[in-house]
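Here is what each chain is made of, one letter per residue.
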Amino acid sequence: MSEPGVVPRHLDGNAAAGALAELFGTDITGAMGTCTACGNRAAMAETHAYVDGPGVVLRCHACDSVLMRWATSRRTTWLEMSGLRSIEITVAP
Amino acid sequence: MARAATLPRLTWQSATLTQVRRESSTASTLRLDVAGWPGHRAGQHVDVRLTAADGYTAVRPYSLASAAGSGLVEITVATTPGGEVSTYLVNDAVAGNHVEVRGPLGSWFVWDVSDPDPVQLVAGGSGVVPLMSMLRTHGSAGHPAPMRLLYSVSDPEQVLYADEVEQLAHAATVLHTRHSPPGTARPPGRVTPAEVEEHTLPATSRPSVFVCGPTGFVEAMLTVLTGLGHDPERIRAERYGERSSP
Amino acid sequence: MTSSGTQPLVSEGFSGRMRVQDPALPPGQHLVDRFPVMSAGPTPVVHRRAWELTVTTPSGRQTPWDFAGLTRLPVEDVVADLHCVTRWSRSGTRWRGVPVEALLREVDDAGARYVMAHSYGGYTTNVPLEDLLDGRAWLVFDHEDEPLSAEHGGPVRLLVPHLYLWKSAKWVNGLTLMSHDAPGFWESLGYHLYGDPWREQRHSRD
Ligand SMILES: Cc1cc2nc3c(=O)[nH]c(=O)nc-3n(C[C@H](O)[C@H](O)[C@H](O)COP(=O)(O)OP(=O)(O)OC[C@H]3O[C@@H](n4cnc5c(N)ncnc54)[C@H](O)[C@@H]3O)c2cc1C
Ligand SMILES: [Zn+2]
Numbered sequence: 010m011s012e013p014g015v016v017p018r019h020l021d022g023n024a025a026a027g028a029l030a031e032l033f034g035t036d037i038t039g040a041m042g043t044c045t046a047c048g049n050r051a052a053m054a055e056t057h058a059y060v061d062g063p064g065v066v067l068r069c070h071a072c073d074s075v076l077m078r079w080a081t082s083r084r085t086t087w088l089e090m091s092g093l094r095s096i097e098i099t100v101a102p
Numbered sequence: 002m003a004r005a006a007t008l009p010r011l012t013w014q015s016a017t018l019t020q021v022r023r024e025s026s027t028a029s030t031l032r033l034d035v036a037g038w039p040g041h042r043a044g045q046h047v048d049v050r051l052t053a054a055d056g057y058t059a060v061r062p063y064s065l066a067s068a069a070g071s072g073l074v075e076i077t078v079a080t081t082p083g084g085e086v087s088t089y090l091v092n093d094a095v096a097g098n099h100v101e102v103r104g105p106l107g108s109w110f111v112w113d114v115s116d117p118d119p120v121q122l123v124a125g126g127s128g129v130v131p132l133m134s135m136l137r138t139h140g141s142a143g144h145p146a147p148m149r150l151l152y153s154v155s156d157p158e159q160v161l162y163a164d165e166v167e168q169l170a171h172a173a174t175v176l177h178t179r180h181s182p183p184g185t186a187r188p189p190g191r192v193t194p195a196e197v198e199e200h201t202l203p204a205t206s207r208p209s210v211f212v213c214g215p216t217g218f219v220e221a222m223l224t225v226l227t228g229l230g231h232d233p234e235r236i237r238a239e240r241y242g243e244r245s246s247p
Numbered sequence: 005m006t007s008s009g010t011q012p013l014v015s016e017g018f019s020g021r022m023r024v025q026d027p028a029l030p031p032g033q034h035l036v037d038r039f040p041v042m043s044a045g046p047t048p049v050v051h052r053r054a055w056e057l058t059v060t061t062p063s064g065r066q067t068p069w070d071f072a073g074l075t076r077l078p079v080e081d082v083v084a085d086l087h088c089v090t091r092w093s094r095s096g097t098r099w100r101g102v103p104v105e106a107l108l109r110e111v112d113d114a115g116a117r118y119v120m121a122h123s124y125g126g127y128t129t130n131v132p133l134e135d136l137l138d139g140r141a142w143l144v145f146d147h148e149d150e151p152l153s154a155e156h157g158g159p160v161r162l163l164v165p166h167l168y169l170w171k172s173a174k175w176v177n178g179l180t181l182m183s184h185d186a187p188g189f190w191e192s193l194g195y196h197l198y199g200d201p202w203r204e205q206r207h208s209r210d
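Residue numbers (this note's numbering), protein chains in the order written: chain P, 10 to 102; chain D, 2 to 247; chain B, 5 to 210.
If we strip away everything but chain P, and leave its shape as in the complex, we get (with noise of 0.2 Å):
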């Protein structure tokens, strides 16, 4: 998928497990998501982090939509998911 010349630089959506417990307070990276663009469903683990900018920005890996992005100065915390259908998160027993 990737140009000759241009290196991927996403992570998955693992990397930004830490953060994402943070916001959901658990784990969500074997959460399923569906994708509102393609329908596409996948761990969030799956999913292409990009992590470099202002904010993070989680894409889906089969359409490269935007599924979640949030970004955080000192007090508040911005987050828009209009690109994740749904997330099914179990909690593990």
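Think of the hints as simulated: they come from the structure by calculation, not from any bench. Treat the numbers as computed from the prediction; the structure is a model and nothing was measured. Note that beta-carbon positions come from the ideal geometry of N, C-alpha and C, so glycine has one too.
Partial list, derived from the structure: chain B residues whose beta carbon lies under 7 Å from chain P:
{"hint": "1", "residue": "S43"}
{"hint": "2", "residue": "A44"}
{"hint": "3", "residue": "P46"}
{"hint": "4", "residue": "T47"}
{"hint": "5", "residue": "V89"}
{"hint": "6", "residue": "W190"}
{"hint": "7", "residue": "L193"}
{"hint": "8", "residue": "G194"}
Given the structure of chain P, go ahead and fit chains D and B with the ligands onto it with the hints provided.
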């Protein structure tokens, strides 16, 4: 304070370095003492937070190298030239120093002894760390299914856990990308699709596959492995990134 | 012992990357000597010959541009300091490009006060129209005498050096004039609508 019954709360915890072991000229294993460590699964990582005297902080993820069930919290860090966290952990940190950790993290890139299937591990550089946790967990459990490692590394000096990898004998293949050890027939170079086929479990044995390393390496290996007929559903990958400028 | 959250634990001997506060820099910024690549998505690869940019007026009139058309406009050499909201700055970076006002000269911008810049890959950022005029913003295609690399926004990126760097949209392919302000990609996640580094306008709150 009331405690949630089921959800483990993941917050920063203080940790003391109790041991720093050199693994290679550019990597060290750090053992951490974390009060109330709940144990971890092979493949999980922790976020490490360093705080400077002026309050500046830096956070990076590091895979756990120790076996699940060992009770040990060990990470292995290889220096990234000019990297602010890795150079501190490898070159400056000594036993008795403090860091903060958040974890264990990740419930996807994990291998449990309850998985009965054969396992193929594919590592690029320091991507071998979580895979070593799987090998150690597999070994100490005496797991009956085969677990194999294909390990791509720049040169013999950079091999992590060299003694343990050697003891795996035919269950491990180390291929060098920049310098080969003297006396080996293979010239240094990137792992080719034919070599992946030769040195890994065949797709027909339906192994679970774990791939870990720099993003470019992982992307290349995913293409090769699916080309060899491995079911993408059975491949789990962990990309360490490609932070240095190309 | 867990850290209480009020007093972070200091890691003995850790100082982090050099963070010298230079009075010549905006508050909270430090100089770096390399050019970090910041990305919110995959790097689009667009060749100069395939590049297109559309200028859209508030009434919906569209003017298409291609690379040859862009370079027929007066080309300028620009030396600029860059300030990224993630706190690094670079000084004296060299660019070649066309002032944005050269593209807007002929369009009917009646009623327009803001511009939304659009990029290949879907990125957007908003800038007041007047900040793109008077030689304060360019569409650039060379960096340090080389064609601008895809990593840094080539073939063409917006350069608005007096605002935080997220306003200088990489891979730009559209300038939409608007009568009202609207937030772009990062602005809708709490980043400042204007983003003046000298007034440290990082977030809309805090
Ligand atoms: C899930 C996960 C698990 C991981 N596990 C391990 C592991 O087990 N072992 C391991 O060794 N690594 C691991 N990594 C990689 C690790 O997290 C770090 O990315 C790595 O150690 C580099 O961090 P650093 O702070 O040293 O480098 P950084 O400071 O992040 O720098 C990386 C590179 O970019 C340059 N750079 C970046 N920003 C700037 C700037 N502002 N100014 C100047 N230069 C800059 C540096 O010079 C350097 O070349 C893992 C990554 C992930 C995602
Ligand atoms: Zn999708």
